[in-house]
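Line by line, the protein sequences give chains A and B. So for the first sequence, this note's numbering puts the first residue at 1; every next one is plus one. So for the second sequence, this note's numbering puts the first residue at 1; every next one is plus one.
These are calculated hints, taken from the structure and not from any lab test. Errors might be hidden in some of the hints.
[Said to hold, decoys possible] Take a look, some chain A residues computed to stay more than 10 Å from chain B by CB distance:
(1) S7
(2) S22
(3) S80
[Claimed, not checked] Below 27 Å or equal to it, Euclidean Cα-Cα: the simulated DSSO-like pairs (lysine-lysine) are:
(4) A:K70 with A:K55
(5) A:K78 with A:K109
(6) A:K55 with A:K78
(7) A:K109 with B:K7
(8) A:K73 with B:K7
(9) A:K55 with A:K109
Just so you know, these numbers come straight off a predicted model, no measurement behind them. Using N, Cα and C, we set each Cβ at its ideal position, and we do this for glycine too.
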Amino acid sequence: AQTVTQSQPEMSVQEAETVTLSCTYDTSESDYYLFWYKQPPSRQMILVIRQEAYKQQNATENRFSVNFQKAAKSFSLKISDSQLGDAAMYFCAYGEIGGGSNYKLTFGKGTLLTVNP
Amino acid sequence: SAVISQKPSRDICQRGTSLTIQCQVDSQVTMMFWYRQQPGQSLTLIATANQGSEATYESGFVIDKFPISRPNLTFSTLTVSNMSPEDSSIYLCSARHIGEQFFGPGTRLTVL
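Isolated chain A, as found in the complex (with noise of 0.2 Å):
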């Protein structure tokens, strides 16, 4: 079973500078998609970014980018010119690429990420 790994429950970042979110992944399959999605207090889970696993070129939007190791099975979050705004709860999913049931996520336990002004 595929397993999301996020190892920092809490993170902070001074406004306007930069911070990095972890997220390690384990699974046994080639094709696969990667998201963070944002959940701020109320609930409504936010897609952040998405990573198909068969590009090579780290996606970013924005402010928003990732740096995605397949081989290491990483999957960070860098969030530059830190804005009030994003603090939330971060989650880290992980999606195969199939039919059927497949296309559930899994997701990690979550970062609670604090910006101060």
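Model the placement of chain B on the given structure of chain A, informed by the hints.
Chain B in isolation, oriented as in the chain A frame:
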């Protein structure tokens, strides 16, 4: 993108009763999912609900406890049956749409 709404947003229930949570998607989707998020924890998949077929339950979750309906491509319900305090959680509906997975705002359930 897909917008997902859930009803109710929260509820407080007595043990032994049942609650049905509704999930509505603004687009037609093949795959819908129900997750549970216990206080301060991550999300755990309860079941996958595809239109026109029986829901597929994950290990540790059974149909008698969590019956699911999927009558059409935009709607699903999850019932939490014979509730106990251990069922107090946030229940999230999710749908896969054009390669992305979207989530509803969740239903916060408290069982007394």
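A quick look at each hint next to the structure:
Residue placement check: A:S7 keeps its beta carbon more than 10 Å from all beta carbons of chain B (closest about 14 Å). Every CB of chain B lies more than 10 Å from the CB of A:S22, the least distance being 15 Å, so the non-interface label holds. Every Cβ of chain B is farther than 10 Å from the Cβ of A:S80; the closest lies at roughly 23 Å, confirming the non-interface assignment. In summary, the hint linking A:K70 to A:K55 is supported, as the alpha carbons are separated by about 10 Å, within the 27 Å threshold.
Between the alpha carbons of A:K78 and A:K109 the distance comes to roughly 18 Å, so the proposed pair stays at or under 27 Å and holds. Only pairs whose Cα atoms come within 27 Å are accepted, and A:K55 paired with A:K78 is accepted, the gap being roughly 18 Å. Distance check on the hinted pair: A:K109 and B:K7 sit about 26 Å apart at the alpha-carbon level, within 27 Å; holds. Using a Cα cut-off of 27 Å, the hinted pair A:K73 and B:K7 is violated, with the two alpha carbons roughly 38 Å apart.
Annotation: proposed proximity of A:K55 to A:K109 holds, straight-line Cα distance about 26 Å (limit 27 Å).
Checked against the numbered hints given earlier, the structure breaks only hint 8 and satisfies all the rest.
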